Each structure stands twice: as structure tokens, then as C-alpha cells.
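Based on the hints, put chains B, P and L in the right spot on chain G.
4 protein chains.
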Amino acid sequence: MAGNSFGVVFRVTTFGESHGPALGCVVDGCPAEIALDGETIAAELRRRRPGMGGPAATARSERDEPELLSGVFEGKTLGTPIAIIIRNKDPRPGDYAVLKDLYRPGHADWTWEAKYGLRDHRGGGRASGRETAGRVAAGAVAKAFLASPACRNDLTGGGPGGVSIRAWVSQAAGIDAPQPGEADFDLEEAERNPLRVPGRAAAERIGQRLAELAEAGDSAGGIVSCRIGGLPPGLGEPVFGKLGALLGQAVLSIGACKGVEFGEGFAAAVSTGSAHNDSPAFPPFWDGAPGTGAFKTNHSGGTLGGISTGMDVVFRAAFKPPASIPRGQITVNRAGEPVEAAVRGRHDLCIAPRAAPVVEAMSALVVADLLLLRRRARPRH
Amino acid sequence: MAGNSFGVVFRVTTFGESHGPALGCVVDGCPAEIALDGETIAAELRRRRPGMGGPAATARSERDEPELLSGVFEGKTLGTPIAIIIRNKDPRPGDYAVLKDLYRPGHADWTWEAKYGLRDHRGGGRASGRETAGRVAAGAVAKAFLASPACRNDLTGGGPGGVSIRAWVSQAAGIDAPQPGEADFDLEEAERNPLRVPGRAAAERIGQRLAELAEAGDSAGGIVSCRIGGLPPGLGEPVFGKLGALLGQAVLSIGACKGVEFGEGFAAAVSTGSAHNDSPAFPPFWDGAPGTGAFKTNHSGGTLGGISTGMDVVFRAAFKPPASIPRGQITVNRAGEPVEAAVRGRHDLCIAPRAAPVVEAMSALVVADLLLLRRRARPRH
Amino acid sequence: MAGNSFGVVFRVTTFGESHGPALGCVVDGCPAEIALDGETIAAELRRRRPGMGGPAATARSERDEPELLSGVFEGKTLGTPIAIIIRNKDPRPGDYAVLKDLYRPGHADWTWEAKYGLRDHRGGGRASGRETAGRVAAGAVAKAFLASPACRNDLTGGGPGGVSIRAWVSQAAGIDAPQPGEADFDLEEAERNPLRVPGRAAAERIGQRLAELAEAGDSAGGIVSCRIGGLPPGLGEPVFGKLGALLGQAVLSIGACKGVEFGEGFAAAVSTGSAHNDSPAFPPFWDGAPGTGAFKTNHSGGTLGGISTGMDVVFRAAFKPPASIPRGQITVNRAGEPVEAAVRGRHDLCIAPRAAPVVEAMSALVVADLLLLRRRARPRH
Amino acid sequence: MAGNSFGVVFRVTTFGESHGPALGCVVDGCPAEIALDGETIAAELRRRRPGMGGPAATARSERDEPELLSGVFEGKTLGTPIAIIIRNKDPRPGDYAVLKDLYRPGHADWTWEAKYGLRDHRGGGRASGRETAGRVAAGAVAKAFLASPACRNDLTGGGPGGVSIRAWVSQAAGIDAPQPGEADFDLEEAERNPLRVPGRAAAERIGQRLAELAEAGDSAGGIVSCRIGGLPPGLGEPVFGKLGALLGQAVLSIGACKGVEFGEGFAAAVSTGSAHNDSPAFPPFWDGAPGTGAFKTNHSGGTLGGISTGMDVVFRAAFKPPASIPRGQITVNRAGEPVEAAVRGRHDLCIAPRAAPVVEAMSALVVADLLLLRRRARPRH
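Protein chains in written order, with this note's numbering: chain G, 1 to 381; chain B, 1 to 381; chain P, 1 to 381; chain L, 1 to 381.
Next comes chain G alone, as it looks inside the complex (with noise of 0.2 Å):
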């Protein structure tokens, strides 16, 4: 498949360069008859806009108002291509003319110009973050699709709640958030400070590192956790599609990140089976609603064989620290010669806060398509 697209039957495209006319993403295969509306669109980016993300966020200033272009009529999906563009409205490409000739030390500068032989300087081009405003539209539509009547009583089995995708910061700046089932573990809380941290206090102590590696004209990696809620059992397709492996490549495609791992994950190769192993609960083994307790444990992350398990699926994905900072370092320019790179831009100081929407993002693209995708498993009889 070309680079730019992902899913099979809920399909999406995205295209824009950081500092183009717009960014925006086409969604094809989205059922017909599911409500949508640009504000429904909206209020996702606004969740990962430049802005957010409190003393972690580039100053970048964008409102990025979406435009929904096609495939939606009188407030609901047509079963057209969607699409969705949003300007670029706050462009300072000036910022950016001594890039031109330079290649920053952790940046993709570099590999770009020698995969394509030329590359927009201008703020990163395409390998910018922005990029990613382009999937949280398009996971906008698909959280619209999963939370639609049609999606619940057709494809998840009935379950009153539906799909629930969160993901938040786990960690930030080498400093741990409070973990799930941990007694301050507070996602609503998440959604109130700028650094989504499920805890304040937490929160507090990691913008203060923060404000000091800023001080220090530094940056910070992290560790976003996301837990996919009330899926049924049997979404992700063997042996290519396992539900881990698709999420794995939707997470570890969003710039930065570094690793992902699933349920226990790298603990998991320090266990043993007798411990690790998840065994049926019963009585009711399951009673075709999800999420209902269908395993004693879930040591897994909500798969086993590759295939949702109806627990919940819970993975934690590795972010590195933004390779933009003012602290001066060394690197080559187009000549070959040593020169310092000083990047005074605006950038993000941890990239996480702004990721976890995106990790969201993707985790709902994956859902949709997977959950359109088991239908064709087993029609009904």
C-alpha cells in the first residue's frame, strides 16, 4: 500500500506539509447514515492542538478549523469518501530559512532529502508532528462510527456502552504517573490538566521538571497508556492482522515513538506461564456482552492468538524526547561542513500530552476497520 493510507475497508488517506496550504485525511469506507458534523471533528483537534499541552506544547499558534468537504449530507455519512482539510493558518515558513541547508541532529532532515532527493524544510514538511492533525480528524470520524446506534447493535454485540478508547500519560520526564488501580489513578483528571496526567499532583511535579529542561533549552520523552474498552471478542485478523500487530503499527507509525508493548508486555518475558497465563472465568463464561469479565485475569492486554478477547485491550507506547531544542549542538550541513544548530522554532518539549490524542486516533482507525473487517468472519445464520 502506499505510505499515506491505513485500514483496509475503513480506509483512510492523509496528506500536508507542516507549512503547506492545509492539512487534511479522506475517509473511505465509513458506513453510510452515522451522524457527523465538523464541530464532532473539531473538538478533537482541539485536543491535540498546538497550544494544548500546557508548558509541554509549542507555542504554535493554530485554530485548526476544520472543512469537511464530502461524503456528508444533511448531518449524516453518505457512504462517500470523507474528506476533511484544515489550513494552515499561523505559518512562519521565515522561522525555518536556515534549515534549509542544515540537517538537526534526531530529525528526519536527512533520511527525507536522501529518500526523495529534495524536501519541504519549511517546520519538518511532512515528517512534522503536525502531520498528525490529519489522523485525529480521520479519528474523529471513526469515534463518531463506533459510538453510532448502527456500530453498537450491528458489529459490537449489543453492548450499552459501546467502544471507549482513552489514552493518557503514564509518564513524562522520567517521572511516573499514578497507574490503573492505583488509588490517585484519576482519568477524568487527564482531561483537565494540559500534560493529560491522571493525577495532579503528578502532573505538577512533571511540569516543574519540565519547566526546568526548558530552562535548560531540553526536552523530555514519555510514555502514553491506552485502554480500549468494550470491544467484543473476535476482532483482529490472523496471522498478518492480529489486533496487537495492527495497533503496534498504527502507534509505532506516529513520529517519536519508540516501542509498544501490549498487556504485560516486556514484564511478560520475565514471567512464566503458570504466572502469566489468563485463565476463563465462569459461571457466565460470556454472555455475548463485552467487557463482561470473560477471564480471570488479563495479563495479555485483552488478546490472546492475536484476537480481542473482550477484556480490555491496554498497551503503553514510547515516546522519545522532541529532537527540537534551543541547547546548541553540532551537526553537518548540505556542504558537509560542522555547524551549530540551535532550533529556536516552536516545539513541544515533551511530545506525550499531544500523542496520547493520537494514540487514540489511531487505536479507533484500527477498531473501526477491524470490527467491519469480523462481520465477513461469520455471517450471521
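Errors might be hidden in some of the hints.
In this list, chains with the same sequence are indistinguishable; a pair is considered to hold if it fits within one copy or across any two.
Listed below are the simulated BS3-like cross-link pairs for lysine-lysine, each with C-alpha atoms no more than 25 Å apart in a straight line [said to hold, decoys possible]:
(1) Lys296 x Lys100
(2) Lys89 x Lys100
(3) Lys296 x Lys89
(4) Lys76 x Lys89
Note that these hints are calculated values from the structure, not bench results. The model shown is predicted, which means the values in this text are computed figures rather than measured ones.
Leaving out everything else, chains B, P and L in the frame of chain G:
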């Protein structure tokens, strides 16, 4: 894409159940005029076959003789699909009759049945690790392509060594093997001992620990590390087809894999930009040959912006302990009643040693596909 | 997509050369719980096998016994890939040694060599009509799916008869067979005579003409007509996946097919809107059952806007005369010298009779895929 | 694949409804460093725009100014997705209010509603011929690629002229235009007269006949012929991706196309092998440059075994008469009642003249994709 195919132009489809008549693969899109014969494929299959893996491995005895059915004529590929089958010669389905109505803990028994409405219970059917024989056969074709003069001259930039892909066990049963850069790290040793551990002393310690677990009727997890050398810069298809994203999907699609990380991986999440950023080296920055030290460091693990840098691509994959253990476990049968599952078939104590060749195979598939796709990004002038 | 796969969710990959060890297919995405056995596939293969086709057919004798390697357990599909192979048992490669350095007129010898740099010259290699055995095996799986209660109940709207696909020879060697609506049109007769002509008298006339051509060392073209009945409205994926577009690709991908037309086809080009337009019938316009006369006429051949109307889908496909003829023809050898090519292998006089089952198979693949895709367009409320 | 995308590595997705905010396309996989600007795209759009087509065309007045949103920087493609939108500036949805509850004869009104449960009734929504604006914009990108030095030097074998794609109206309203080889065949004339007829006298006769039909409130069918020159041998991906099969899908996916034939097409069905076979020419048989007369004849229309021969690829496509006619027709409304549909919007009398540039665009997409795929078949040694 249907779930049993992988790749875009170098495209593989695998098939087969653990105790059905045969497993195999079809490779479509392998260039013509590549030298290939059955022995090349058989040699790779021997590296993963049951019986290898020493104390960690199942006792099932399969010769795994591949049969080349199409796509090769007079020792060279024709450009047409290459079909390879491997007969199942040692099925003892009687061993598995007891599993027919049982959902084993940690296994895919119940999820596959929830998805498809029925399952081949004999040895896990297609959810068995035996499924990977088809992948390894396909990977052998990919490796033959990567080693061909055509690939080296036209696609990898003319480096003398070509692409090398090596996977080994870097941790098992909680015991670390020597790591790259350490004095006792010996990759040749990993080919000699059946645990694929790059160090004889560590291999012995791990073997002892596995023997203890076997005594206790238990199993162990492990970590496979992989290094891909000799890649030219420019591999990877942004944005969803980033090199790390595709390798991530490829590796996470191997049964029992619960996590993957690139370069510093999760450690990057606690690092800072000034420490993590890789800076270009000079002079000469890049002279066209892969692997010539384009960057001073390789914290990123060989990719920037999802595209290969020309440095080694390095990643680690976590494998959970095998779910099949002799120790009795309480589970549920089809009637919803509690039953004890004491799995007495032939199973691996630790999957990592036999997973290593599969990690290599999947890596070879990703690299072959991306090399062929890369060419389209920038035709020659 | 690589060139040897077809379909999106009901996805088929074929492989095999005319004189290699075996031909076959892998069907990925067939729903689970469909009744399937080897005899079902063998029965379809007998309809196209060498020896059938009467005076029109090659004398090559292949039993074409299919072997089911995977995807079926206890007589039902598992939802996993279904691999089927057909061994080549009567290869006489010696017959073809003379062709090694020769480019036969009208054949793919030179184009395949120009593309791939080499070729399997034995009987045309993969460019042989024998390649279609894999398609027919896959089509048999598709037909089994279309005939299943699951498909009828869940996907085709509950019509009692299910989907029917029938292809026949409507013209050969310049002689017309009876056309639908004519008194002597008899589709059962097309199953009885080896020329697949729906009328005994026409079959005899065509047989005589073919005998004369055989005497003259020549061959003949023909036309295959196809009618797909029992389709629900709503099949087809606008805009590039229109029902006619996919059937068109499917049929034009059969070797020797040079044209396809739907409904009135080329005659529509000389018609007017007032004469050609199909108007909805009433009452009742549409009661949910396929094939119940939703339109007063069917000039369009069963599609409007690329989507099935619920009327019969009807099309015709033109096949050129087989290129292999005993009559001497001047051609060129590898050295660029003129040589006479008098092809003395076993070849068909007219490909249409044996192409008819292949047209059915390809139609079944298109319909199965679109039925599974249609469901995603509009989940149930 | 989702229905609104086409191609494998040169991959196009189109979107947009006739009276929505905008139509457009995203081209993913166009190589980098190709010269491209908005005017190149605008020029192609003018060739199909409403207002062209003379007496055959709708009176709808759209300037069709394309806007390039991404993928181009400083006049060159970046290798990233190229998004192009065309705003709908002259929608008069009021014209269509009467159609809201009406299913017009010969139109997609009912089939789209049967598939999706709802439709955008304004001007046919996405089933409108206006949808092809996105295809033409994408085709303009493909043409720019085909004309680039990179394509000529690396992919088409270095022929000086490059690939040329020309489509014209060879028949309309039952009146033949001059055919290739006839004295009065003048392809430049086809660019001058709005009916795209390659002969002034025929254009006038056709224009008169269309005026009579307009008077009678009726419409006419037509045939578009196309010739692709300058192709190297080796294009086409057997077996399902044969050059003719992909062109067939491409052309049959254009609304109102009811048939396609290659070379002699349906006439081949009444020919014999001795008459139809194309024999290689010599000397020189093939010197590496496309279009240098590799075969003595071209009955096959430029392909053998689904792969280009290096001769011109020639095909013809039949278009039905436009369904929208002023003459009153009895149809059915949503309530199942008979109503008269007298369509008074702005419509084409004959679609062939405006379909010709769309046939060119689709051909360009196929050729661009296959040229990029061909390279993988046989890397350079």
C-alpha cells in the same frame, strides 16, 4: 488486506494448520532471475524446526522438507508466484482429542472459536507456532533476493556486503545474555548453541534455569534482539509505512510477541533530547555505501522520521512464556464447567530461541518489500 | 497489489506454471462454517479440464485432482486460508523443447521474456491457459460460499434460490448460438454438449466449422455470455470498484479475452436515452427479495451507477482464436533469425467452451467479495 | 480496496459530490522531483469541464480551478501525497429539489439508496459525472510524471518521445468519425472541435444529429477510442493485473461506460488464428526503444499475455446515452407511486466528448502505476 498476506510488492500469503495436510506460503512479487532452490529454503526451515531449541524446544519431530511448486525454473525465479509447501508428517492428533471441548488458559482456543464459530483444536490449528514455518520459507526467498547481485547492484547502493539480518536471544527465563558491545558478545556462538544465546556461559545458565522450570512443569518468556545491517538510507514509506511501524507489525504478528522497541526504545522515554539526538558524522557524511557511519551515534536504532539512516536497524522483541504447561491449571470447557488442563503435548519451554529465525524472516520480508518500493520514490535521472 | 491476487476481503492468490510441479490457489477471507470438500472443487475443475470442450479442446489429459491442504476441518471452512493444489501429471516438456528459443506469433513468449528476462518455455509457463485451473478451484470455493445458508440469510436478502452464475458459448467460429429469449435457447443443453452451446443444432454447426478449421491447421474465436441471477441490489463499490468495472477486470484478466460488454454494451452507443433508460417497475417496486423485477427493462445489464439493481447481471466476453496453430507461421528466434513455427503441442481449437467455466469462476469471486464488502456499507440498525 | 482508490504504488483516491463543497483527489506514490504546478492541472480540467463539449454538453458553468494543497514545493513534487481540490462554485441545488423523492429512469438514484440507505439527491451526488473532475486532476499528475525526464530515462527505456495518450470520439449518435488509417483521420482536429471528433465533416454531421435529438428531448450514446504510444514492452502484472484487465477496470469505472475492447476486440471473436496472430518483426526485432515496430501487425492492440508488446495500445469504450433527458418519462417516487420525470437540469446530450479526457486520465493512472511496478519485476544487473 486479508489477514494472511503481508507486503505490498514483495507480497507473501501463508496458509496451513498445525495438524492439517500441509503448511506453506506463496510469495508474489519476487523479482525474476534470482537464484533459488529447495535446499536454500530447507536450510532456513532447519533453523526453526522442532527439535532445535535444545532444552527449550518441543519434542515434535518434523523434518520440514519444503517442496517448491512454482515460480522457479532451472534454478532461477521466474517473476511468477513462488509456492512452497511443507507437509505435516508427524501429526499425533490423538494427543489433542482431550482439547476438543476445552479452552486452555493463555491460548487462542476460545478467541478463535468466538471469532469463527469453530476451530481446528488439533495442536492449536492455525494459532499454533507451527504456522511460522510458512513465514520462514517465505523469508528464505526474501533472503535469497536480498543476497542477489541484482538487489545489491540496483537497490542497496552497491555495498559489497549486502543486507545482513541477524536475530538472537538476548534474554530468557529472566537471565541476560551478553549484549552487543560487551566483551563476551559472540554472535557466532548464537548459531552454535540451540538456545541462540550469543555467549556460551549465559547459554548454560539459561539452559539450567529452563531445566528447573521444566521440572516444575512451567515455561519461560524471553527477548529476541535483531540487527539489520547494510541497509541504504531511504527505506520506509511515510507516514503509516514507516520502517519501524512495518517491522513492528511484522514482529508483533508472531504469536506470543507482546512488545517491540527500536534503538533505545522504552529507555528513550526517560532520556532528553540533548542525550538522545543522533548527529550526522563527517567527513564524509555519506558516500553512497550503506553502513559507512553516517551518524555519530545510533540511539534511534537506525531510523529517523520512519526512514532508514544507513546505520544498523536494531530492535528487541518480548515473547511471553508458552501457554502450554504440564502443570495443572483450572480452566473452562465448552459446557462452562471448570476442568483441569494439564497440557501433555509436545511444547516449547521458551519460544525465544525458535522465534529468532522467525524474527529474521519477517524482517527480511519487510526489507525486501521496502527496497522494491523505495525505487519508485525517486527514479534515476 | 501484486498481480496474482484478486479481491479485497474474499481474496484469492493463484500460482503455478503449465509444466511445473503443480498449480493452485489460496483463498483468504472465506467465511468460516461453509460446507466444503474436495469433490466440490473437483467437480468444477472437471468442467474446464483438458479433454472437455470436445472437438474444440486440447488432447492433453490431466485428471486435475485437487488436494485441499488447509482451511477446512471436518468438512467445514475454518475461516483460515484455503490452499488447494493440482499436480501436473501429464507434462510432456519434450514437446516444447523446440520452443525454447522461439517467439511464437500471437503468444506471450516474447513479452514475458521482455518483462522478466527469462521464461519457462514449457507450454507457455504461467501464460498458459492451464493457469486458470487455480482460478476455477478458487471459484468453486466462492460458489460454495454463495450457496451456503449463511450467505443466503445474511448477505443476499433471503431469496430462496441464492445467487446463480451461468456462462455459455453464444458464438464460436463466427456462428451464433441461440440467444436468451429465442425459442431454441436451452441452457441445460449447454451443460450437455462439450462446446457449451445452448442449442443442439447450433452446437453441431459450430462443431462442423471447427472440424474444418482443424483440417486447415487453424483456430477460431468465440464469445462467452454470462448471466448472474439472484443478486440483491447494492453490490458494487463506487467509484473505481463498480460492479461492471470489477467484473470487467476479472474477465479481461482471462488470457485471450479481448473485450467485454454489459447489457446492451456496444449497442448502447448507438441508442438514445429514451430507448435505453431502464425505468423502475411498480407496484411493488422492491420487496427485499432479489430478482423480483424491480425494473421494467434491463438494457443496462443489471447495474446503474456501478451498483447492482437486483435484475440479472448480463455480459458478454470476446475471446480471440488460440494462437497455437499447426499451420506454419514465420516468426523470429532468440537470435533474431526468421524461423517457421508450426505448433504441434496439444491445443484448443477454440477457447470459448473451456473459458466459460473460468468466466463463471471469476464472476463468483467478484460477487463473493462484493457481498462481503456490501455489508460494511450499511450495518443493520 | 475501498472503492474510491485506484492503483498500487501510484495510488489515487478521489472524493466529492456534485453539489457538495468540493471535489478532489489525493495522489499517493507519485515520485519526487517531478515538475508540477496548478496550471498543468487546470489545463487538463479545462478539457473536460462543463461548457466544453459544444452542443453535446451541459450548460453548467464551472471554472474548475484546482487548488494544490500538498505534495508540491517550489514547483516540484515532494514524494508526499498530492491533494488537489476543486470547489463547486455554481451549484443550483434548487434545480434538484424535485428529485429528492424520485428515482429517475436509467440513473443511480435508487441503487445508491438501496446500498447506502440515503443519498445526496442534488445532481446525482457522487454518482454524477462531475465526480470525474477528481480523476482528471489525478490524471494530470500522472501525465506530468510520464512526461518527466526521470520517467523517460529510468522507466520507459529512453525513447525520446515518452508516453503519449490520446483519446477521441470515434462514433457518436450512431455516426462514425474517421478511423485511424483513413485519409481524413485528423487527431489534431479532435482537439479543435468541441465534440472531440477527428474530422471536421464528421463533427458537423454529428453536431447536427445531436441538435435534432436535443430538439426531441433525447440524448445519444457514443464511442471513445484511445491510443497509448511510446510504451516499453513489459507493462502489466500477470495474471489478474494484465494491462488490458487494468485498463478495462479503469475505463469501465467511468459512469455510463458499458463496454471496452482491445485491438480487434469483438471482431477477434470471428477471426482465425492464422489471420489474427501478430508475428514479431525483424531485423531489428527490438532495440530497446519503445514504439519501434516490434511486431508486423497489431491485431492484439498492443498486449500479448497481458503484457505490453511495445506496439501502440489501442482500445475502444462504449458509452450509453445520458439518462437525463427533458422528454417526460414515467418512473416511481419514494412512495411507490408513478410520476413523470422530465429532467430540466443542465445535462450532456452525449457524454463521449467529455468522457475522452477521462479515458486519457484513467489510462495515465494505469500506465504510471504499471511503469513503477514493472521496475520491481527485474532489477538492473
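Against the structure, test the hints numbered earlier, and report the numbers of the ones violated in rising order.
Violated hint (a single one): 3; every other hint is consistent with the structure.
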